[in-house]
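K.L.:
Take a look at the letters that make up each chain.
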Amino acid sequence: MSLCLTDLTVRLKKTPPLFPALTLCIEPGEVATVMGPSGVGKSTLLDAVAGLLSPTFILSGQITLNGVDISPLPAEARRIGLMFQDAVLFPHLSVGDNLAFGLSRTVKGRRVRRDTVQEALTDAGLPGMYDRDPASLSGGQKSRAALMRTLLADPAALLLDEPFSKLDAGLRDEMRGFTFTHIRKREIPTLMVTHDPEDAEATNGPIITLSKAETSR
Amino acid sequence: MTARDGRGLRIAVLAVLALGLLGPIAAGLGQTARAAFGVMPELGAVDPGLGPWRELSSIPGLWTSVKLTLWTGLAATLLSLMLAVGFCAVAHERMSNSAAARWLTPFLAAPHAAMAIGLAFVLAPSGWIARLLAPLMGWGNPPDLAIVNDPWGIALILGLMVKEVPFLLLVMLSALTQIPLRQNMAAGRMLGYGRGLVWMKIIAPQVWPLIRLPVMVVLAYALSTVDMGLILGPSNPPVLAVLLTRLFSDPDIARILPASAGALMQGLLVAAAFALLWLAELATRRLGLWWVRGGGRGSSAEPLLRAATALVMALFAIGTLAMLSLVIWSLAWRWPWPAALPQSWSLKAWGSPGAGWAHALGNTLLLAGATTAISLTLAIAWLEGEDRARRGRAAWAEALIYLPLLVPQIAFLYGLNILFLRLGISGGHVAVIWAQALFVFPYVMITLSDPWRALDPRLTRAAASLGAGPWRRLFAVKLPVLAMPILTAAAIGTAVSVAQYLPTLFMGAGRVATLTTEAVTLSSGSDRRVTGVYASLQAGLPLAAYAAAFLIPALVHRDRTVLKGASA
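These protein sequence lines are chains A and B, in that order.
For the first sequence, position 137 (counting from the first letter as 1) is numbered 137 according to this note's numbering, and the numbering increases by one without interruption.
For the second sequence, position 156 (counting from the first letter as 1) is numbered 156 according to this note's numbering, and the numbering increases by one without interruption.
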């Protein structure tokens, strides 16, 4: 499974592209980093790959997952996971039920599903916290729970949108290690957007710096 | 500043509410309960007993009435809720809240009775829909069908839905602004769920606690409406509230005793419906959790949501036709079957204001002005008291605001009237204003609370640092800045006051004629042209109030972008 972007650009109607055409292939377990000044369209790039682009944007180029063009598919059918700056745990569900919501449908049977979630919680350093209110978790615990929820959905590729920027400096290293270990273990091609050079260094992967497209008119 | 600030103001507001709002409701319920068990000295009934209940249960058709009440009330509420949720799921992304609010306004502003009369004009065998179908179906005469006042209450359910779906939509759109909708939607979709499923599994459960009270208001109203029940509901036997209103107005005043027993039963019916809602919530939560844990992604929710949207559009279309038909009938002269429009027009029905409608209009304006002014003053005093105490609202206070909307009117209004008789104010404007204000105040308060709390606190702090005391901060900063929401609350207060039927009928002892009481009376078989005049005025007055609430700030603050209300 590899995630490839070919000549990918995004533009608002009748304006030049936000950034120069991007071509990039991410191999399984590899984390590619996109950096660049704010306003250059990093988040828009992630939205484009995720399928969350608002209809005012026009996308050109190709997004292929394992050779299949996924750009015509809606977000929910792309099998791409997205980690936000905030954990976005659903407040009306317990921590465990948040993970169960993410857990892929291919895991069948009430018992098996619950056990899978319990295991994932233990994996995330949250053993026995199935029934906890997500609001009662610490920042790091929330992030780990959110990553587990995303991974349980069995994504074919992963997008990270400044995933560590809201964590305390001390927690960041730990969370980076946790995240990248799981990504490598599961061999998921991953595209990360960040401001923080330390995030990029920790990946040992390719780094692309986006700059504003030529605005000659 | 300390928490003691504004203590006097808060105590005054609480005293007014306890004596003016809580007191009357409790006393009214108490009087009703006493009469229900045979004690009403005014009628010479002094021995407590179960006589009134026996008399009530011997009324032919009573149980059919009860069944009809439950059926129409529960069905209308459930369907309205389902349709509103479905519509919201589809429409919220395509429409800004302000656009939606403008769009909903005419439906919210039109009083229930006016909408019901219009619907009767549209749905009746000789109404608009039948006229449009006649050429296709080859009907030479109006079809012989009881569509309005049908024995199954379908017309009543439809009428309730036309009014309640827009209300629930407004409430939901406002609730949606309080949860991180876009984030939740993106997170849900990235886990593989389609929009419809995210809506049902993630968004709706978070919205529900925010709309539970308004749904209970809808439920209580749907189970106990008198004016809509009279105009659209089954005629014999009618829904319980209509049956009781007739009983209370019976020339034989001894019938007040069984009527009171029935009024108590009406209260119990509503209480039982609330219990049912609570049970349904528990069951839904368990079932929903089971559903969420299953992790199913099949995106089968979309067709259901689209169907709900189509039905809501159909409701809006029928509602629009209903309001148009009021005006058209009031201007019609010759309109033979099956012409789609009148053959000749006339202003005759409007031409003699002295004959009635001018008097009713005057009364309606007076009552609306007085109740709105009282309610607005009280609401502003309450909110200012909260500000000065720097406290949020306690749960009991929120419940107090909703109380008059949750207790069915008929359960306490007649009891309250007995009390007013003793005070010697029954049958006059004061009594009607007092009774109407019980229902106007909650809506004014609910409407004003959110914008009041959203006011930028730095404005008042800046004013304070410039030496302005609490009263100057209120009158020179808060009220002018909040002019738009205050006027909107006033418009809603006007709409609620104009729509009141039962309080005006009971407290006015039939002597205070308003557009609503006249329109409801006329609706049973009078000249449609005259009925059209009253109902048009009845619907037009709140609409004019809304228009004023929109235009006045736009004119006064025409060179103040923030205050013009462009964003409201």
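Bear in mind the hints are in silico, worked out from the structure with no lab data behind them.
Check each hint, because a few of them may be wrong.
Label pairs and their calculated CB-CB ranges [stated by the list, open to error]:
1. A/Arg186 / B/Gln178: 33 to 41 Å
2. B/Arg390 / A/Cys25: 54 to 62 Å
3. B/Pro457 / A/Arg111: 34 to 42 Å
4. B/Ile552 / A/Ser138: 47 to 55 Å
5. B/Ile154 / A/Arg186: 53 to 61 Å
Stretch-level coverage of chain A by chain B, calculated; a stretch enters the list once three of its residues show a Cβ under 8 Å from a Cβ in chain B [stated by the list, open to error]:
6. 16-26
7. 66-78
8. 81-94
9. 99-105
In silico contact screen, one side only, chain B against chain A (beta carbon under 7 Å); selected entries [claimed, not checked]:
10. Gln183
11. Ala187
12. Met190
13. Gly194
14. Arg297
15. Ala301
Each residue gets a CB set at the ideal place from its N, CA and C atoms; glycine is no exception.
K.L.:
Run every hint past the structure and note whether it holds.
P.N.:
Comparing the hints with the structure gives:
About 37 Å separates the C-beta atoms of A/Arg186 and B/Gln178, a value consistent with the hinted range of 33 to 41 Å. At roughly 58 Å, the beta-carbon separation of B/Arg390 and A/Cys25 lies within the given 54 to 62 Å, and the hint holds. Range check, B/Pro457 to A/Arg111: about 52 Å between beta-carbon atoms, so the 34 to 42 Å window is missed. Between B/Ile552 and A/Ser138 the C-beta distance comes to about 51 Å, which sits within the given range of 47 to 55 Å.
The hinted range of 53 to 61 Å is satisfied by B/Ile154 and A/Arg186, whose Cβ atoms lie roughly 57 Å apart. A stretch counts as covered by a chain when three or more of its residues have a beta carbon under 8 Å from one of that chain; for the stretch 16-26 of chain A and chain B the count is 0, and the coverage is violated. For the stretch 66-78 of chain A, the proposed coverage by chain B is satisfied: 4 residues have a C-beta within less than 8 Å of a C-beta in that chain, meeting the threshold of three. Remark: the stretch 81-94 of chain A is confirmed as covered by chain B, as 9 of its residues place a Cβ nearer than 8 Å to a Cβ of that chain, reaching the required three.
Check result for the stretch 99-105 of chain A against chain B: holds, 6 residues qualifying (beta carbon to beta carbon below 8 Å, three or more required). Hint status for B/Gln183: holds, given a least beta-carbon distance of 5 Å to chain A, under 7 Å. Of the supplied interface hints, the one on B/Ala187 holds, with its beta-carbon coming within about 4 Å of a beta-carbon of chain A, less than 7 Å. Because the smallest distance between the Cβ of B/Met190 and any Cβ of chain A comes to about 4 Å, under 7 Å, the interface hint for this residue holds.
Annotation: interface hint on B/Gly194 holds; nearest CB of chain A at approximately 5 Å, less than 7 Å. The beta carbon of B/Arg297 is positioned within 7 Å of a beta carbon in chain A (closest approach about 6 Å), and the interface hint is therefore held. With a cut of 7 Å, the hint placing B/Ala301 at the interface with chain A is violated, because the nearest CB-to-CB distance is about 12 Å.
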